[in-house]
Every structure is written in structure tokens, then in C-alpha cells.
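J.: Chain by chain, the residues:
4 protein chains.
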Amino acid sequence: MKAVVIHKELDLRIDERIEEKPGPDQILVKILRGGICGSDLHYYHHGGFGTVRLKEPMILGHEVAGEIVSTGPNVTNVKIGDRIALNPSRPCNHCEYCQRGLQNQCLDMRFYGSAMRFPHVQGAFRQMMVADATQAHIIDQGIGIEEAAFAEPFAVTLHAINRAGPLLNKRVLVTGCGPIGALAIMAARVHGAREIIVTDISDFTLGLAKKVGADHTVNVATNAEAMARFKAGKGQIDVMFEASGNEAALQLGLEVLRPRGTLVQLGLGSSLNVPQNVIVGKEIEILGSFRFHEEFALAVDLINHRRVNLKPLLTEIVTLDDAKRGFDLASDRSKAMKVQIAFA
Amino acid sequence: MKAVVIHKELDLRIDERIEEKPGPDQILVKILRGGICGSDLHYYHHGGFGTVRLKEPMILGHEVAGEIVSTGPNVTNVKIGDRIALNPSRPCNHCEYCQRGLQNQCLDMRFYGSAMRFPHVQGAFRQMMVADATQAHIIDQGIGIEEAAFAEPFAVTLHAINRAGPLLNKRVLVTGCGPIGALAIMAARVHGAREIIVTDISDFTLGLAKKVGADHTVNVATNAEAMARFKAGKGQIDVMFEASGNEAALQLGLEVLRPRGTLVQLGLGSSLNVPQNVIVGKEIEILGSFRFHEEFALAVDLINHRRVNLKPLLTEIVTLDDAKRGFDLASDRSKAMKVQIAFA
Amino acid sequence: MKAVVIHKELDLRIDERIEEKPGPDQILVKILRGGICGSDLHYYHHGGFGTVRLKEPMILGHEVAGEIVSTGPNVTNVKIGDRIALNPSRPCNHCEYCQRGLQNQCLDMRFYGSAMRFPHVQGAFRQMMVADATQAHIIDQGIGIEEAAFAEPFAVTLHAINRAGPLLNKRVLVTGCGPIGALAIMAARVHGAREIIVTDISDFTLGLAKKVGADHTVNVATNAEAMARFKAGKGQIDVMFEASGNEAALQLGLEVLRPRGTLVQLGLGSSLNVPQNVIVGKEIEILGSFRFHEEFALAVDLINHRRVNLKPLLTEIVTLDDAKRGFDLASDRSKAMKVQIAFA
Amino acid sequence: MKAVVIHKELDLRIDERIEEKPGPDQILVKILRGGICGSDLHYYHHGGFGTVRLKEPMILGHEVAGEIVSTGPNVTNVKIGDRIALNPSRPCNHCEYCQRGLQNQCLDMRFYGSAMRFPHVQGAFRQMMVADATQAHIIDQGIGIEEAAFAEPFAVTLHAINRAGPLLNKRVLVTGCGPIGALAIMAARVHGAREIIVTDISDFTLGLAKKVGADHTVNVATNAEAMARFKAGKGQIDVMFEASGNEAALQLGLEVLRPRGTLVQLGLGSSLNVPQNVIVGKEIEILGSFRFHEEFALAVDLINHRRVNLKPLLTEIVTLDDAKRGFDLASDRSKAMKVQIAFA
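Protein chains in written order, with numbering that gives the first Met the number 0: chain A, 0 to 343; chain B, 0 to 343; chain C, 0 to 343; chain D, 0 to 343.
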């Protein structure tokens, strides 16, 4: 079995690995498609992020979909032949956070393709994968496998919407329109945002933003003054999703947010300089948003019911042997939104 | 009539001003006592803070109490002779924020002794003051005028408690134990905080923290390692009130806050370096808290019913002529908590 | 000018009334279309509801749209020729509830066509109407006037959604599929409800429910057992909108609601027998929902942006002279959803 | 070992039972004191309540405290000799509600002395009891065992406070001042209620209400007109705790609650007639409150820190042999608040 393994920064290889066998409550999945995520790119370019660093070779990948090829004897929720999206999140279900319904904050989380713990949790960019049956979410007939592979990043943005609270009658700003920003647009739209404004510095991504539901887009590199009208009064934005990790984006957001506005921070950025006096004076609410829990099933449900159309976000599908080129392409924000790897 | 006027940084004078006359819905108040606040000290030492700068001489002061000496013909809620705490906050009641119940975010706020607008709103450190009758809150018999003069800063901390949400079963951290931090301890205690930990770098203020309800105090300058136990798991603090404006305090707070913990930011600090990855990873909620609205009446009610004892926080009462010494004393955190000026 | 006037129960007349003139901040509106509401029908059939009884003749109607024919000198938000939906709600903006942002609970509310106060507030089923300019909300080119006349009842259901809190990942039950129930389906769908189940006793209305977004419909008169699956565990419904005022519907709802589920009560029913032990044992949340405030503008915005298609709910348009037949038709739930009167 | 066993209504016996042995994670507790609860009285007088009926003899009791006499080998949180309050609630920790942090809604709950499931869960009115070590909460030196036996009903009221949301600046009404109502007064007071009004029909219990923190008490049997002032405007009460199960109390509450006020329903009453038009018109929030989860530990903590003084609520301690007289005394609301049984 082949797998996409990061050895150290910029050292990405297609390695041979031994296939595992499913236990009684497990399934064996033939992975068909995997999306390259921003954190995969961080391992690829920088060998990690923040204090999370690669200490051993690790299979990357956690945005995957495939087909079930065998099931353990206790499995009842899925069967051989089912096409599924695979939830890469495996909380312990016993720690104090799991017992409070905060499984995404599990003290003993094992998340595919993450170097947060050691030994690292190996990822899902591989041809065959054993998983717990509860991780599998069936994709309806007629739904493409490429859509299924969007379930994970879409779940991340649905969690951010969940954190933000109701969007009824809200004017929403999304700063940073990579895959997470773009999916946040769709997640906000389907949950009732009244108006959605999107900023980025790439016309390519802003063009896609329009296609997937943005009401207004602003290239802040070339047309920053277009944001001026949202500074009127003490600010005109109700809820902001910060998906750029950029200090200037955060600071602009604090200027355009209304008093008592909400800023949901997505993405694991570094330390940023934040004007506390604005947060205090306008009584801004800042909310971190990390991964997802119940939102994975919701993502699959919304895809199955065609309440969102994720296809415009797919830039290219590369073969497994061509994975490295896929990583390079995914790193170019002027040309690529989501790049997927075909494992079969 | 004499008034305490700041002309420019470090230039504090006792000036003569002409007495005003109350309109039909107004009262004339003989100011008896005024507490020196951190923002008064900012004008005194630095001529302002952030973008708020002195542009003309301004009477300081907004923490005052006094006695009503005359009332306009329409006034019914108070009468001559009533001793009152005076709410320094005058929202317009018509703007979109007032109409949403967010009067502290009024677009046309006039707040005593503030250089946020020009001409500046003159303050209340004066011997006689005309005010709207609705600003007056009667102090019960037997309550000292020095307690009444605490109503305003106490209201600031009650608003912070209000922002934080319920404290039932919560472990609370207060970072920075100046007057606002100390009052936050009392406000948290009376609203059900289960356990209160307080940090500062002054043993003097930490000693007072103990007196007014802190369960544990930690001098982070001399005994930082005492905070280690609150870092266990992913953090052990549920709610934090940041009243220091200090970057190290904020960063420590992010380390000891639990996943989904709440950090209420008080005080108009400058820009601080904030580790976004911690906010995201632990899904921290940061809430700005600015001034107060309904909490002023609550502060007076709690004082009247003796549910709090504010007296331990009063360091010294200086005479009007000695106001400058009062400002200098109030600036020394190793010796002073709250300093009040006696205007009569 | 002609108007639709209720004199006493079943005594509905087309009376002549004198045209008014707009004041400086007012507009004169040529009413084009008006929808007959359940409360109009209550006045028509029963002379009122609960303690609200007709004491003098009253023009009915509050779901109206029209065209501006003249404006007072201070009016800037609209101009002659604009087609508008007219907000029938006029809060005082000064009472304690208005000052808290709860204008729909105004202590001095004047709401069109309501006998709650005396003299009654005359309604909008008339050919010409003077209104405050702030009540007017412009309808976009290409939007039919019949859609505009839905803004008011749609706002009622948007307020109910607002009360319910976020619908992300929620299974929703709507009991009673008259116009309010049907609009609640659309309001819930556009705000992210994951799955919507609708019950009624009329196959006609349930057929329309399917058309406007219900996932499942159940005729509880003929197929009550279809609800059994939602009783599994302790109940499978997250949020319920009770729009029938029927005791059996409420009791069924309490059976199928999950622990900690939410029941939003719409419509001014009479006293009902409620099993307290179920409310306690499952810790149900019941929320009353009354009229709307900010949701009127939202309703118009959603109509203007074609995020909802209200047309399937329009059963028939009757002429002003034929208004009585319109009231009779609107009373027949086996044939009619919404009936509108054409005033010009 | 002796135990207090209900065989059928009014048939209460002191039976012999065999002592059990603790497992590896368990403890053996010598029960010292047990409080008689309203549900114990329901089994005694009526053989159950609602659909919950006795089908076999059942040991009563769930408000108990005692001393640990032996521990299993894995137990680390307590040791022999510790005096403890015993949490009678044993959720499964695996069902969907436990996994969401709603352990009090566990689908497989085993709660001491409850006939909700069959075989019934035997209760704690016995001399020796095996329990999971995690059920034990240590009582501090100097705290009386009679206070420890209040932890359970106090937790019930703390959960109700938790359900109600923040009480800051709130005027609270408690209707029905039996043990739960009285404890709700203390729980509300310690969590910041601004003003507490209590109604009942017994002067004895209202006298105790005053002792434990009520600001005003009203005997609605003899002085109902005293409630008139709380009906002013649309009502003057912010939050109501309904602890009587009485229809008249509920209806009065709906009259005095403010628009958007909250009514927390405690106690498993029967079906009541509820005026839906008031709930809708004033947009009342009704919240069921059932048992507790995290609040048990909080109850013990508040008792240990002497933030409440529960002793005034203890009417009499009866011996085990005299248990039947205890039950009769506890049933007399004109003389008894809480009656406890001494098991050793």
C-alpha cells in the first residue's frame, strides 16, 4: 500500500506501508480521494506550525473519502460497498471534555495526520485505511466522491458558524478566502447570513467567493478603500470569520465590526498584535474555533441533500504519484483553491 | 466654585468655575466626595490614552457622590437633602445602540471628564454640579458618602460580570488588583463565583484582595510558579477578568484558561501581542467590557443593602486643595488602592 | 376612500372613510394589496380573542403593501413612486422595553387593526393610508406586490426563528400549517434547519408545506402513528414551532421533543392543559413569540433577494368589493392558505 | 442491616436487608443521616406520581450522608473515615445525553430510590450502602452531618439556578416554600439575585423563608393583594422559580412576570391549565429543571465554605425506628420543613 509521507520540511515521499486489518468494530476503507489542507501544507513547507513540529515521518492527510471493502463482525451502521466520508477525529469519549460534549477539546484526541502528540497520529493519505465504523458517514448515490472529500473542511467551517451563534439578520465578513474562507461563505449562507462580504488579496479566490455566495468581494491589496463604508458609525459588520491568520486582516476587522460584534478566529496563526482598546471600547467578542464534532455528520447531510454545491472549489485532481505537484499547486493561492489527490 | 482641572499632562490645577443652574428636569448637587480613577491618572500623567488626547482644559472626575441642594420643577425621583451617587454616563437614548439597549455604546455619549469628544465633556471634580435628575441614585441612611463614591467603579466591574455570564460553579481569575480588579473580586463573589484567584505584582494590593474575598492570591513577580497548577490539563480557570492591561498577564491567562474559557478584558490597554493559536486551539472567548448601563443602579442597590463592604479599598481622603497630592498617592500602587477627594 | 371595517362579529362592511394628510415625517400610501390574517378572521368570526374584544368599529388589516403617492418635507428614506411593504408596528421608542431593544413589547404600542387598546388602532385595509416614513420598506423592481404583502406574516415567523436560537443541525417540527406555519417552514429552511417535519389535519395545507420546504409531512388526523418514530429515546425533535393553538398538538410536541428541546409558541391561543411533569422531566424550554421588530426589514430583504418564494402560499386575490367572500374563503382551511384583497 | 422500605402506599416498613460488599472502584458507606424528600412522601402517600408507580418493595431515600468504612483497591479520591455526602445520581456516561454533558438526562440513569425503571433502583435509607467512589464528596471538618444531608436537595435548586441563567440585577419570585423553595432562595441569593420575593400559603414556611434570605414574603392565601404591585406595567418579576406545582401559583406567576421573563419549573407536578396567550403575548420563557449533575459537587463546596447556612431548615431528626413518624411530620407543611432520619 502506498502512502503520502512527510519526512521533514519539503521532503515529501510516496512510501510503501503495510495494510492493517479491521477489528470487530472497525472497517477497512479503500481511500479514493483526499483533499490537501492548509495544515498538510504547513508540514510540507515548514515541518509544522507553532510548537507542533515533526519528530518522525508521518502520513499526511485528513480530508478523505472512499469505499468500504471489509467490515468487522460488530459493525452495523455501514456495509461493504458503501461510499463514505471518513471523520478523521477520534476523541476518547471518557475525559472531562468529552463528558461535557466538547469532544473537539478531548484531552486524548487522536486526529489523523497530526504531530500534536508523539508518536504522531498517522494520516489518511494512503490507499487502504482501517477506521472505527463510527467514523464512517455514508454518501448518497449521485454525490461525487470529490464532494465527499470536502466534508472535513466544510465541517470545520460549520463548527465556526456554530460558535458564532445565530446569523439571522447578520452582516458577515469573511477575511481570507482560501478553502476555509470559501467554505465559510457557503456555511454562513446556508445558515441564514443576511449579507456576506469577503476580503482577500487574490482576485482568483475572490472570483470563486462570488460563485459560492459572497454578496460583495474586496481585494484589500488593491482596493482597501472599499471597506471604508463598513467603518461608518462604530462599524457595520455583525460577525466576522477570520480565516487569513493575517494581522492586518484582524485589525481591519476590529475597525469594521460593530459594538458587541463577534469575531470568530479560524486557523492556527502565530502571535498577532491586537489593539486591546478597540476590543474593550466596542466590547468585541472574539471566539476561537477549532476543528468540529457533531458538524461532520451535518456536513455530509448538507452535501447529501445538495444544500451546498462544493464543486466550484475544486481546482484540480492529481494522481497519487503526482502528489508533490499537487502540494505545490495547492500552495499557490493565485491559481489554486482546493487540490485533491486520487488514490485509486 | 472650585474644580480640579487638567490643563495638560502633569499640569493639574484647582480652578475657579462659575456655578450652573438646573433646568426643569435637573438637579443641583453639592459634590461631597470624588474617587480618583485610572483614567483621571492617565490624563494627569500622559494627557490622555491611545487616540484620546486633551485638547483643552478639562475638569476631571466621574466617581462622585453628594447632596441635592436644589431641584427643577419637574423632578420627582429625588428631593432636596437626598444624598446621592451620581451616574456620570449620559447616553442619548435615541441612537441605534440606545434603541437596542446598548446605551454604553451610545453613538452620542456624554461621559463626565472624558476627552473622547471635543469640546471635551467636563467632569465632576467640582464643588457644585448640575445634572439630570435621572442620573441621581439615592444612598440609604447609614451608608457613608465614601461608599457612595465607589458606585461608579463598582458598576464598571458589575458590567464585566454581566458580560461574563453566569459564574455558578466557576473558578475565576482576576489579573491585576488595582481598584477595578479589587472591585471585580467583590462583584464576582456576590454573583456566585465558586473560587477566586487573584494575581498582581504588589503585595499591598494582594493583601487587600484577600480582605475583600479572594480565595488565593499570587504575586507573579516573586512567585510565578504558583500558577503552574492552574495549567494542568489544558487549563483550570473558567473565567478571567483581565484588569492589568499587561501583555504578560494576558498571555498567562491564555495558558491557565480552560478550553472554552472566557476572558473578559477590562481597561483601555494599548496593543498587545496575543497568541492566536491558543485562542483557536482552546476556543477561548474574549469579551471586551466597557463602562456600564443598568449596573449603576445595581451598584447602589448592593451598597445600600450592604451586600458588599467597599471600605477596605479606601486608602486615604485628601482635601480639595490637596488634590495634586491625592493624584500622586493614587499613582503609587505599592501604597494606594483608592484615593478620594473631599470637596466639602 | 373605502375601507374594510368590522362592526361586530360577522358584521364586515366596506365603509367610506376620509383620507388623511401626511405630516412632515410621514408618507401617503396608496394601498394596493392586503393579506387576510388569522387575527382579522378572529375579529370577523368572534369579535375578538381572549380579553381583546371589539368596542367600536375598526378598520381591519395589517399585512399590506402599496405605492407612495406623497411624502412630507422631512422624508428622505423613500420617495414618491416607491413600492413598499408597510410595517404595521409603531412602538413608542421611549418606554423601558423600547429602551432595552424589546420594541415588540412596547408599553404604548400602536399596531394596525388591533383592539388591544381603546380607542382601537384602525387598520390598513383601506385605499389610502398615512404612515410614518420609517414604516416603509422599499420593494425591489421585479418583486410582485403580492409578495410584498407577505412581509408582515413572514416577519412574525422570522421573529419566532430568532427566539428559537440557532437551527444549525436541528430537526424542526412545525405543528399547524396555516399561513404562519407555512411561513415558519420557509423561515426555518433559510436559517439552516437540518430537517423539517410538519403536522396538520388538512392534506391541502400539508401539500403546500411540501412545496415550500418541508422534508416530511404528517396528517395527524389520519396518520398519527407516523409520529411514533420521533418519540424514540426520550424524543427526536430539537425545536418545535407550535402554530396551531391546539392542545393535542402541544401535547404531541412535548412527547417528541428531545430533553432540553425548545418549543416556540406562536399564535394567541386560549388556556391549554399542559403536562408539567414532561416539561420538568425533559427540561423542555417553552418560548412565547409575539409579533416582530427588526425582523420586518429582514423579511423584505429576503423577499428582495429572492431567498424565499412566497407565491405558492397565495390562494386567491379578491377585489375590495368582494372582501367578505375573501374572509369566508380564508376561513376554510381545506381550500385556502393566504387570501389577499386588491385595493386598486 | 435495616432499611426504610415502601411496600405500597402508606405501607412503610423497617426491613432487614443483607449488606453488600464494595467492588474495586467502590466504597462501603455507613449511612448516618437521610433527609425525607417530597418524592419519598409521594411514594409513601400515593405509591408514586404520574406514570411512575411502585411495582415492588423499594428502599426509599436519596438525600444521605455518612462515613466511609471500607474502600475498594482502586479508590483514590476518598479514604476510610472520611465523612461524605453521597450523590444518588448514577448516569451511564455512554449514552448520547451523557456524551453531550447532559448526564441528568441520561437514557440509562440509575437514581437512588426511584421507581422510574423496573426493577426499581433501591434507595439509600439504610444503615450500610455500597456506592461508586465517584459518588462520594468529602465534607470538611466542622461541617455537621445534618448539613451534608442537604447537599442533594440543595443541588436540585442550584441546577434550577443554572437553568435560569445569570441572576445579576434580577428580581426573583419563588412560589412555594417547601424545602425546595427554601433552598432555591439560598441558591438564588448566593448567586446574586438582587431581590427575592417568596409566596406560600403557610406562615410557618414563610417565616423560614425570611430567615434564609427572602426580602419579601407573601401569604397568597390570606394576603393575595400584596402581589398587585408586581403586576404593574406588564409585570415586575424577572425570574420565577415555581416550586409548588400549583396551578394558581403558575398563573399568578405569568401575571407578574415581565415580558421576556423566565419561569423555571421545579417539581414533578401534574397537568396544569396554562394561559398560552400570556406566554405568547409577553414572550415568557418556561424552563423545566430536573435533578442536577455538576451541581452536587458545587452544593458540597458551598456548604464546606459556609457560603450558606442550611441549618434553619432542619425541623427535626427522628431515629430509624421512628421513621414513619418522620414521614408523617414531614408531610405537615404547617409545622415541618425538612425532617431527617438518623441511621446510627
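None of these hints come from the bench; they were simulated from the model.
Warning: the hint list may mix true and false statements.
Heads up, simulated BS3-like pairs for lysine-lysine below, C-alpha to C-alpha not over 27 Å straight-line [what the hints assert, rightly or not]:
| # | chain 1 | residue 1 | chain 2 | residue 2 |
| --- | --- | --- | --- | --- |
| 1 | C | K281 | D | K54 |
| 2 | C | K54 | D | K233 |
| 3 | D | K29 | D | K233 |
| 4 | D | K281 | C | K281 |
| 5 | B | K210 | B | K281 |
| 6 | D | K54 | D | K323 |
| 7 | A | K233 | B | K334 |
| 8 | C | K54 | C | K1 |
| 9 | D | K281 | D | K334 |
| 10 | D | K323 | C | K233 |
| 11 | D | K54 | C | K230 |
| 12 | B | K334 | B | K7 |
| 13 | B | K29 | A | K281 |
Cβ-Cβ distance ranges computed for the label pairs, FRET-style [to be verified]:
| # | chain 1 | residue 1 | chain 2 | residue 2 | range |
| --- | --- | --- | --- | --- | --- |
| 14 | D | N308 | C | H93 | 57 to 65 Å |
| 15 | C | E254 | D | R52 | 18 to 26 Å |
| 16 | A | A231 | C | N73 | 45 to 53 Å |
Ideal Cβ placement from N, Cα and C applies to all residues, glycine included.
J.: Give a verdict on every hint.
T.: So, going through the hints one by one against the coordinates:
1. K281(C) x K54(D): holds (23 Å)
2. K54(C) x K233(D): holds (22 Å)
3. K29(D) x K233(D): violated (53 Å)
4. K281(D) x K281(C): With Cα atoms ~24 Å apart, K281(D) and K281(C) stay inside 27 Å; holds.
5. K210(B) x K281(B): violated (33 Å)
6. K54(D) x K323(D): OK: K54(D) and K323(D) at ~21 Å, within 27 Å.
7. K233(A) x K334(B): violated (39 Å)
8. K54(C) x K1(C): Holds. K54(C) to K1(C) sits at ~21 Å (cutoff 27 Å).
9. K281(D) x K334(D): With a Cα-Cα distance of about 38 Å, the restraint between K281(D) and K334(D) is violated, given a limit of 27 Å.
10. K323(D) x K233(C): violated (36 Å)
11. K54(D) x K230(C): Holds, at about 25 Å.
12. K334(B) x K7(B): With a Cα-Cα distance of about 26 Å, the restraint between K334(B) and K7(B) holds, given a limit of 27 Å.
13. K29(B) x K281(A): It is violated: about 33 Å lies between the C-alpha atoms, which goes past 27 Å.
14. N308(D) x H93(C): 57 to 65 Å: violated (45 Å)
15. E254(C) x R52(D): 18 to 26 Å: holds (19 Å)
16. A231(A) x N73(C): 45 to 53 Å: 22 Å Cβ-Cβ, so the 45 to 53 Å window is violated.
The earlier numbered hints that this structure contradicts are 3, 5, 7, 9, 10, 13, 14, 16.
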